[in-house]
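Chemist: Sequence:
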Amino acid sequence: MTIAKHTEVPYIKTPLVDSKELTKEAPCRIFLKQEFIQPSGSYKIRGLSNLIKTSLDEIKANPANNGKKIHVYAASGGNAGNAVSCASNFYNLESTVVIPKATSLKMRQKIERNGSTVLVKGENIGEAAEYLRDVLIPSLGEDVVPIYCHPYDIPAIWHGHSSMVDEIVDQLAARNELDKLKGVVCSMGGGGLYNGLVQGLRRNNLSNVPILTLETDSCPTFEESIKANKQVVIKSCKTIATSLACPYVSSKTLEYYNTHKTKNLLVTDSDAANSCIRFANDLNIIVEPACGVALCSVYNKLIEKNIDFFDDLKPNDIIVVIVCGGSATTVQDLNEYKQLYH
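In this text, residue positions in the sequence shown follow full-length UniProt numbering: the first is 1, and each later residue adds one.
For the record, the hints were derived by calculation from the structure and aren't laboratory data.
Here the structure is a predicted model, which means the values were calculated and not measured.
We treat Cβ as the ideally placed atom computed from N, Cα and C, and that holds for glycine.
Hints may be right or wrong, so weigh each one.
To be verified - For lysine-lysine, the following DSS-like pairs were computed, each having C-alpha atoms within a straight-line distance of at most 25 angstroms:
#	residue 1	residue 2
1	Lys-24	Lys-263
2	Lys-338	Lys-238
3	Lys-301	Lys-106
4	Lys-24	Lys-180
5	Lys-227	Lys-261
6	Lys-261	Lys-235
7	Lys-121	Lys-235
8	Lys-238	Lys-20
9	Lys-252	Lys-24
10	Lys-106	Lys-180
11	Lys-20	Lys-305
12	Lys-180	Lys-263
13	Lys-305	Lys-227
14	Lys-230	Lys-252
15	Lys-235	Lys-101
16	Lys-314	Lys-263
17	Lys-230	Lys-261
18	Lys-227	Lys-238
19	Lys-252	Lys-227
20	Lys-230	Lys-101
21	Lys-301	Lys-252
22	Lys-314	Lys-301
23	Lys-263	Lys-238
24	Lys-24	Lys-314
25	Lys-252	Lys-263
26	Lys-235	Lys-252
27	Lys-180	Lys-238
28	Lys-301	Lys-20
29	Lys-238	Lys-121
30	Lys-180	Lys-20
31	Lys-301	Lys-263
32	Lys-121	Lys-106
33	Lys-263	Lys-305
34	Lys-180	Lys-314
35	Lys-263	Lys-227
36	Lys-314	Lys-261
Claimed, not checked - Each pair of labels, with its calculated beta carbon distance range:
#	residue 1	residue 2	range
37	Asp-179	Val-135	51 to 59 angstroms
38	Thr-259	Val-233	19 to 27 angstroms
39	Asn-284	His-342	15 to 23 angstroms
40	His-342	Leu-283	17 to 25 angstroms
Based on the sequences and whatever the hints tell you, model everything.
Modeler: Right, here's the structure in full:
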């Protein structure tokens with residue numbers, strides 16, 4: 001499966017910014033891939049829009065589907081649901097997003113404003129997904145062709161996310177600095193973003209560029225899977241970085257971990273919250289704790305502490321941090337983080 005080919009896509013090419021503010025905290029230059037300015041507020045629209053478009057093309061190519069209604073379905077209490085809603089609206093498709101009761105009113109309203117039908121089912125995302133998979137989709141009539149959007153564990157999603165690397169390569173090449181790229185940093189949830197980064201690096205002959213992943217110690221799904229060398233399912237975990245609270249990482253994520261130079265680090269909820277606060281102070285930008293997890297690589301000086309992981313890192317070299325975004329955090333939330341964690 002390839003990246004969907006079409007003249008227009010619902011995501012945008014995001015800036016790659018040489019951040020002087022964050023570089024002062026690191027042993028090299030820090031460039032920020034600013035995915036928080038995507039129309040859906042996060043990078044997830046890249047992969048999920050690619051899944052929807054490729055699925056749409058396949059459905060339309062099958063004569064057996066002529067005259068049938070195409071409908072997009074997703075279960076998500078956060079950024080994946082919002083991305084599905086944005087992408088469905090872009091392609092003029094009706095969509096339904098099943099959210100758990102814990103989903104904030106703000107996020108529900110965002111999804112509804114994009115035109116999606118929102119159903120509230122279950123106490124958590126697992127129960128919402130079960131309802132969608134086991135009850136709603138099986139109940140559909142034969143006149144409906146569903147496009148099911150898993151939030152991260154489908155190859156078309158990874159291919160969509162890999163477009164980010166193509167942009168990074170073009171942006172660094174335009175500065176004549178591609179040879180200075182010595183690493184990429186991202187938050188780790190279910191592995192969709194990481195998988196896309198690995199694929200993008202390989203496609204651009206950058207297999208030697210290592211990836212530093214970070215997750216919270218209160219939801220260490222990837223870390224536990226690395227230790228066991230197999231998928232480990234964590235049925236429930238509580239973390240401030242709710243967008244990273246996936247029950248498992250994809251099998252492809254483990255495969256890539258064993259074939260692409262990768263290091264996974266654990267940070268605390270407090271670390272993630274304080275990184276969001278510092279980022280807001282430094283750049284006047286609000287991101288979710290799930291994004292703050294990646295920023296811990298700089299603010300907690302984890303790049304410096306793990307400098308041996310990056311080959312021969314010099315002050316003029318570049319590490320790209322994926323600022324993945326997220327739409328669930330407000331100024332009020334940051335103030336509460338200050339009280340709880342600061």
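Chemist: Does each hint fit the structure? Answer for all of them.
Modeler: Verification of the supplied hints:
Between the alpha carbons of Lys-24 and Lys-263 the distance comes to roughly 23 angstroms, so the proposed pair stays at or under 25 angstroms and holds. Annotation: proposed proximity of Lys-338 to Lys-238 holds, straight-line Cα distance about 19 angstroms (limit 25 angstroms). Distance hint between Lys-301 and Lys-106 is unfulfilled; the C-alpha atoms sit about 33 angstroms from each other, more than 25 angstroms. Our distance criterion of 25 angstroms between C-alpha atoms is met by Lys-24 and Lys-180, whose separation comes to about 18 angstroms.
Pair hint Lys-227 plus Lys-261 holds up; C-alpha atoms about 16 angstroms apart against a cutoff of 25 angstroms. This hinted pair does not check out: Lys-261 and Lys-235 have alpha carbons roughly 28 angstroms apart, beyond 25 angstroms. The hinted pair formed by Lys-121 and Lys-235 meets the criterion: a straight-line CA distance of about 17 angstroms does not exceed 25 angstroms. A threshold of 25 angstroms between alpha carbons decides the hint, and for Lys-238 with Lys-20 the separation of about 34 angstroms lies outside it, so the pair is violated.
A threshold of 25 angstroms between alpha carbons decides the hint, and for Lys-252 with Lys-24 the separation of about 35 angstroms lies outside it, so the pair is violated. Restraint check for Lys-106 and Lys-180: not satisfied, since their Cα atoms lie roughly 41 angstroms apart, outside the 25 angstroms limit. Under the criterion of a C-alpha separation no larger than 25 angstroms, the hint pairing Lys-20 with Lys-305 is consistent with the structure, at around 20 angstroms. About 20 angstroms separates the Cα atoms of Lys-180 and Lys-263, which keeps this hinted pair within 25 angstroms; it holds.
In summary, the hint linking Lys-305 to Lys-227 is supported, as the alpha carbons are separated by about 22 angstroms, within the 25 angstroms threshold. Of the supplied pair hints, the one linking Lys-230 and Lys-252 holds, its CA atoms being roughly 11 angstroms apart against a limit of 25 angstroms. Restraint check for Lys-235 and Lys-101: satisfied, since their Cα atoms lie roughly 17 angstroms apart, inside the 25 angstroms limit. About 19 angstroms separates the Cα atoms of Lys-314 and Lys-263, which keeps this hinted pair within 25 angstroms; it holds.
Under the criterion of a C-alpha separation no larger than 25 angstroms, the hint pairing Lys-230 with Lys-261 is consistent with the structure, at around 18 angstroms. Pair hint Lys-227 plus Lys-238 holds up; C-alpha atoms about 21 angstroms apart against a cutoff of 25 angstroms. Taking the CA atoms of Lys-252 and Lys-227, the gap is about 16 angstroms. The hint holds against a cut of 25 angstroms. For the hint pairing Lys-230 with Lys-101, the CA-to-CA distance comes to about 31 angstroms; that exceeds 25 angstroms, so the pair is violated.
With a CA separation close to 29 angstroms, the supplied pair Lys-301 and Lys-252 exceeds the 25 angstroms bound. Note on Lys-314 and Lys-301: the hinted pairing holds, with a Cα-Cα distance of about 15 angstroms set against a maximum of 25 angstroms. For the suggested pair Lys-263 and Lys-238, the alpha carbons sit about 23 angstroms apart, so the restraint of at most 25 angstroms is met. A distance of roughly 14 angstroms separates the Cα atoms of Lys-24 and Lys-314; the hinted pair therefore holds under the 25 angstroms criterion.
Of the supplied pair hints, the one linking Lys-252 and Lys-263 holds, its CA atoms being roughly 16 angstroms apart against a limit of 25 angstroms. Between Lys-235 and Lys-252 the CA atoms are separated by roughly 20 angstroms; this keeps the pair inside 25 angstroms, and the hint holds. At most 25 angstroms may separate the alpha-carbon atoms for a hinted pair to count; Lys-180 and Lys-238 exceed this at roughly 38 angstroms. Proposed proximity of Lys-301 and Lys-20 is supported: the alpha carbons are some 15 angstroms apart, at most 25 angstroms.
The suggested pairing of Lys-238 with Lys-121 holds, with an alpha-carbon distance near 19 angstroms, which does not exceed 25 angstroms. Restraint check for Lys-180 and Lys-20: the C-alpha separation of about 17 angstroms stays at or below 25 angstroms, so the hint holds. Between the alpha carbons of Lys-301 and Lys-263 the distance comes to roughly 15 angstroms, so the proposed pair stays at or under 25 angstroms and holds. About 17 angstroms separates the Cα atoms of Lys-121 and Lys-106, which keeps this hinted pair within 25 angstroms; it holds.
This hinted pair checks out: Lys-263 and Lys-305 have alpha carbons roughly 13 angstroms apart, not beyond 25 angstroms. Among the hinted pairs, Lys-180 with Lys-314 is consistent with the structure: their alpha-carbon atoms are about 9 angstroms apart, no more than 25 angstroms. For the proposed pair Lys-263 and Lys-227, the alpha carbon gap of about 12 angstroms is at most 25 angstroms, so the pair holds. Simply put, Lys-314 and Lys-261 have alpha-carbon atoms about 19 angstroms apart, close enough for the 25 angstroms limit, and the pair holds.
The beta-carbon spacing between Asp-179 and Val-135, approximately 53 angstroms, falls within the hinted interval of 51 to 59 angstroms. Distance hint check for Thr-259 and Val-233: the Cβ-Cβ separation is about 23 angstroms, which falls inside the suggested range of 19 to 27 angstroms. Taking 15 to 23 angstroms as the suggested C-beta distance range, the pair Asn-284 and His-342 conforms, at roughly 18 angstroms. In this structure the supplied range 17 to 25 angstroms holds for His-342 paired with Leu-283, their Cβ-Cβ distance being about 18 angstroms.
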